[in-house]
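Take the two lone chains, each set in its own frame, and fit them into one complex as the hints suggest.
Protein sequences appear in the order of chains A and B. If you're matching positions, the first sequence starts at 15 in the numbering used here and goes up one per residue. If you're matching positions, the second sequence starts at 123 in the numbering used here and goes up one per residue.
Incorrect hints may appear among the rest.
[Stated by the list, open to error] Reference excerpt, derived from the structure (chain B facing chain A, CB under 7 Å, subset only):
1. L154
2. S216
3. V222
4. G249
5. G252
6. S255
7. A259
8. S263
9. Y266
10. A273
Just so you know, the hints here were simulated from the structure itself, not pulled from any lab data. Only a predicted model underlies this, so the values are computations on that prediction, with no experimental measurement involved. Ideal Cβ placement from N, Cα and C applies to all residues, glycine included.
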Amino acid sequence: MPGPAQFGYSDAAARPLAELLACPPAVANLLNASAESIECDTGSVIFRQGDPCLGLYLVISGRLLRKAERFAARLTLGAMQGGGLAELAAALGDGRHTYSLVAQAPSSLLMLRIDTLHRAFQAYPPLRMQLLQELAREVSRCYLACTAARFKEFRRSGGNPLPRVGR
Amino acid sequence: MAGLHSHHPPEDCLNCEHRHLRMFCNLTPEALREYDSIGIMMSHARGAKLFSEGDAARNVFIICFGQVKISSTSRDGKTMILKIAGPGDVMGLSAVLANVPHEVTAEAIEPCQVKTVRKQEFVDFLGRHGIASMHAAQALSGEYLTVFHDAKRLALSGSAAGRLARLLLDWGRSASNGKPDIRFTMALTHEEIANMAGTSRETVTRLLNQFRRDQWITIKGSSMTIVKPEQLERLTA
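One chain only, chain B, in its complex shape (with noise of 0.2 Å):
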């Protein structure tokens, strides 16, 4: 969830320093020249709403920098986190090709930096470049199989505390990008990550508590470092 932070943020696609890193922007020179002319690059404040499910899907978005909460909320007002996107995540693909309402909310959790294009741009791009078509459909397949290990991570996982290791992991996997050294930014608050790990705030909190105290991890502020990987590991079989 962590992913890679940048403090430099890019000014144009073609000067991204982070594009080699980043599966969707990975282009041929010429597709990239296309990708950097259409679409505009938009700052959004923590909290801000970048679409609401439900809403037509109009765009596609592409993370530049930052983090994005993915939700969706019941007819009584419940939500759900289904996912955290980060730099290079591209969202609304789904709703957009499909021809569907967006099935999720996507919110800011802190400032970010968004390539926002407009569905038929994004469309025409599609048609005319293989390759971007073949990574939109690595996206679409990376976002369906994030949706579909979260059912089962919840319908198959025996624990609550298998289930926040599986978690944990997973983040901290992502964030330190085969580095030995598992460390991860926490952005989410307990009641966020319960609802992510199909538990409660109170269990997130005690786990937590349980883990420093056993020594797995170590948290300093919103940083959380994975010291026993092994541990964690053990618990979600």
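Pulled out of the complex, with its shape left as it was, chain A reads as follows (with noise of 0.2 Å):
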């Protein structure tokens, strides 16, 4: 069975990988031959908002930026490292980006295209299940960075949830 190891990377940092790729031979033969590994220097941008989503991203190593933008104006949502799933939801959902996700330091992705992302979530239950209890965490800490932002601007706008604009 592949794992890890056979790209070269910690097993800390690729922890999702291996459980990604504790598939059945073929399953993980197929998530296997589909990775694309993706280098990229400080500033480098992996992917942009609104563009259509490629596959899944798993951060091995370095650190990035997520970034959103409305217009004129930028808003930074977080960073990630080794071992981080960008773009889940996009993914497994409307196949668009969210966010722009851009290089703070150099740093190693691995790109698991988006249509045998689909046919191993078909063929394998238990990855299914994998993926979506990893997109159901995403959805709650979503929710929660969501209503502790709003809250956080309700009680600094004196009652009104209004947020700072970031421009």
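Listed below in structure tokens is the structure:
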């Protein structure tokens, strides 16, 4: 069975990858064959908000920032480090990136193609439950972050949940 | 927000005339037969709480008809409305699958019919049917996008008028389902709309009156029609 060692990465950083690849050989080979390695320098844009999502991104090493924009306004959503999964919601959902991912330091990622991910999702029930659980945790975190941000602004604005505009 | 209102509540999933219009329930015959056999159909009166923030997540809820307010309450008792869920929406899914307490409170804002499925029964069903899992993934992704866009709209929209215009357009387009007539039922109070748009009740009342005077919208009772969507669209820019 292929594993993270095959890609030459540390166990800790590759934990989600190891879990993803802990499938029967046929499914693991399918994922393995479609995986594309991405090496990037500081400032490189891995994908842009609104662009079609090509697949699921696994951060192997380095540091990346998730950034959202609307017209001239910009917002940094948070950082991603080794072991992080990016854009599971886009890969399993509407297929469009919800934010941009930019390297803050030289980084390595692995991208699993969307069509292969869907085939593996259909073929192997434990993998799909694992991806569903990961996606559910992402939704849960998003709820908490959104709520916390709104209440913070609510208190700051003295009653109205009006957010600060990051222009 | 208005969604699809049915005057003929379905008795069961197999005979539901709206099934093909709804993402989650549009299953293969085999999956549908099993889906029909699990859970129970429950009716809820306006104001009924389906679950509360912090409760253990024991069930997944699928709305058959009616609308449900999804909100969150701060420690000092202030309530924020995050979204209005409508027919076909799945509630409680993220908490059930992530094995965490409910992140939000769900309250019926009109009489509702909701299919309620126990956690383990739902997880087993997903494990057996790939199509149901894919629909669950799409429901979760949709939920993620809604929350994400809500946060982004609030954080990055410059004016209260722009945020209110975006809300009205979103609700109108979702209810009109591609029809040219953008009309929907306004089930929320101005206070509740203000919570969603990130502004005050007074501002919502003033802006709605202004939109009406400019003949961009018309309001008859609880029914709102967007007459000039392009004008509202311009405000959101």
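To see whether the hints hold, each was checked on the structure:
Proximity of B:L154 to chain A is violated relative to the hint, the smallest CB-CB distance being about 18 Å (cut-off 7 Å). Contact between B:S216 and chain A, as hinted, is supported at the beta carbon level, the nearest pair being about 4 Å apart and thus within 7 Å. Taking 7 Å as the C-beta cut-off, the interface hint given for B:V222 holds, the closest approach to chain A being about 5 Å. With its C-beta approaching chain A no nearer than about 5 Å, B:G249 sits inside the 7 Å limit, and its interface hint holds.
Below 7 Å, beta-carbon pairs count as interface contacts, and B:G252 has one with chain A at about 4 Å; its hint therefore holds. Checking B:S255 against chain A by beta carbon gives a least distance of about 5 Å; that is within 7 Å, so the hint holds. Using the Cβ-Cβ criterion of 7 Å, the hint placing B:A259 at the interface with chain A is satisfied: the shortest such distance is roughly 4 Å. Look at B:S263: its Cβ gets to within about 2 Å of chain A, closer than 7 Å, so that hint holds up.
A least Cβ separation of about 4 Å between B:Y266 and chain A falls short of the 7 Å threshold, and the interface hint therefore holds. Given hint, B:A273 at the interface with chain A, holds; its Cβ is 4 Å from that chain's nearest Cβ, closer than 7 Å.
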